[in-house]
Amino acid sequence: MDIVIVLIPIALALGAVFAVLFAIAARSGQFEDLDDPATRMLQED
Amino acid sequence: MSAVSTQVGRCPHCDLAVEGDDAFCCHGCELAYALVHDAGLGDYYTRRDVAGQRPEQLKGAWEAVPTRSEDNGSCSVTLQVDGLRCASCTWVVEHLLAQTDGIDDVTVSYATGRTHVRFDPQSLTTRQVASVIASIGYAPRPVGAAEPWDDTLIRMGVAAFCTANLMLLTISLYAGWSDGMAPRFQSMFRWGSLALATPIALYSAAPFFSGAWRGLRVARVGMDVPIALAVGVLYTHGIAQTLLGAEAYLDSLGMLVTLLLTGRLLEKRGRRAAADAASAIAASLPMTARRRTATGVEDVAIAELCVGDVVELGLGDEAPADGTVIQGTADVQMAIVTGESAPMQARTGSEIVAGASILQGALAVAVDRVGEDTVAMRMAAAVRDATDRPMPEHPTDRLAPWFTVVTVGIALAAGAVWTALSGLHTGIEVTVAVLVVACPCALGLSVPLAVASGLGAVARRGVVFRDGGRLLTLASVKTLLMDKTGTVTQGTPVVLTADNEILRLAAGLERSSRHPIAKALLAEAARRELPLPLMTDRNETPGVGVSGNYGGRLLHLQSGGAGRVVLCEGTEVLGTIELGDRAHPDARKSVQQLQNAGVSVALLSGDNAAVTEAMGSDLGADQATGGATPEQKGAVIRAARLNGHVAFVGDGLNDSEALAAADVGFAMHTGVTSAVLLSDAVVTTSALRPIVAAFAGARATQDAVRTNMRRAFTYNILAVVAASFGLINPLIAAILMPLSSAWMVWGAMSVDRRITHLEDTWT
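First to last, the sequence lines map onto chains A and B. If you read the first sequence in the working numbering, its first letter stands for residue 1, the second for the next number, and so on. If you read the second sequence in the working numbering, its first letter stands for residue 46, the second for the next number, and so on.
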């Protein structure tokens, strides 16, 4: 069971990485428009 | 009468049927077509599902549109583009802009028409960017300054992440109660919980603390105060318990903050959608004027114009200031101010307002008022004040002070009793337990969730409300007054009766005219799929009509009195076309539904009394008042308000006073800017059905809010009693809180279903 002492911090650290990525994504405006990307893939450039 | 030419083609750009080899319907379409092809975007014409639109001239004060400076020296601007009706429209606008020199980055939203352009201010101006869009038939409009960046989403994300992990740790701790747990794991899990709770309390919950502080400084206790109090107590208690090695309510803290932030985020999204719909404002004043001088005419900036100057206006120009005509005649459209799309005749002595545009003819105007004094600018100022007015407060804001005082009172009293009975430690435990379970989570979520759900449901049905308070007010409205032109009717002339051949020839004559009557004729010809004949020697005389030569026949089209135009060949009259304004097809049914809902419906129009009454009885309205001036409209509404809440639907500047006077003012999205900005809600489709939906939505939301508040109170009373008797521990609190919140969500989700149900009942 002692392994949780290592595993929990690792899990939290991994989670924190994604929380930071989420903050970066939100800050760059990726969540501003949630309707268009769905139609955009239907257009070929 | 026989057609001279038989060859029929279609305008490659706008798909209008035309006769002859010269396949384009007008010069604008020809230019647009060439522009798209030269840019290598010819694919647009094969992949689009709807025809293009005829390009219109770009109008407005684009120099004054706010832009944002970016770090690398470029600047960016947000425009609202109208007329994007298929994915290919988005595609062609985006690519055409991307290929323009000086533009770094473009994104066009198909769903909303929002277009963000980043460009180099050295080589391009906002006007040039907009004119690229206008040149291929889409209508760009400037958008008010962008809202400041809002970080609620990130705060919510951080809170959700920490809460989820916090729960994993605390579930282990709770499980340890029965199975036992090694002390070192226990203390590790407790300290881990505290570490995860810290960002929630200090970062995610920060808006509640600042909101509570702002409120307290002006001696107002809003919903933020009990929330901040709960968060503060929970966190401090959590630190103390962790140091002592005992259970804390940290998972409840996480849940509380996450749920409340989610509610707030939903509410904000709804409000922003409403603001976006309303803030697409055209600043329709030109920036330069042609001023007469002793020797000739000079171009000056409008800031240099003075009262008494004489300015010249030609075809397509817009008046830079208010003034009086001293020379010339012209057809002038003053839709910016009057909302009336039909042009009026201006001659010597007529008054012209800034922003009026010349459809035909030329004028010399003596300037009476400039700058801030012009009607248009005063209107804009009034609108700015109106949009700054405070939002109506939430129903829960009124309860918050009582709630806070009662909760804290009970908590302290229970704590004192328990201290006396079994010592200080138990006393503190009970005090905290009461504050935790009576925490304002359910109450704080009850209204925002129901209102956000109601705003969303109503917006999907075509009415965008500016804020939830107005939606709730609408629930108690018993009287609906409606403007006629542009509200109950479409507001622009349409062809009522016309012979095909007459219409075809008349539309051919009007082929490249921008007159509203020309547009009506062309639209009807296009609807009937009549190929437009090719005229030579076309000649448009202001106030008289249009003439042209069609295969040797000399035709002219002129006004034949109110609501009709006459087509003549030489002196012989070939036929007449009747034009008029038609009610929306759904108007009668909508009026019926509203009356079934117990709302009395009346028409209130500036148009003449006979026409208004005829329309009123045709629709089955309870009352119809015609010939009302803007002031009278306001007065009628103020009088009606003595008998309860009143809603008004309008579209023009003459409706501004009525919109402001009514408890709930609806503006049609086609209306003038001032009407849209003064309104509480915008009807986004040209029909009346959305208004019925808004009434249904208001009542459904009201029901949901009441149900939710009742549930929140029931929960709080039960929970506080239980906590006062010492029956609540951290595990029970952790189960109760999400249950109470789920109860709120359940209440809010019923709104959409209920609207549909109400609409069916009223039919």
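Possibly wrong hints are sitting among the right ones.
Below, a sample of chain A positions facing chain B; criterion: calculated Cβ distance under 7 Å [what the hints assert, rightly or not]:
(1) 22
(2) 30
(3) 32
(4) 36
(5) 37
Quick caveat, the hints were computed from the structure, so don't treat them as lab data. Note that the Cβ used here is the ideal one computed from N, Cα and C, for glycine as well.
Check the structure against each numbered hint from earlier and tell me which ones fail, lowest number first. Result: hints 2, 3, 5 break, sorted rising.
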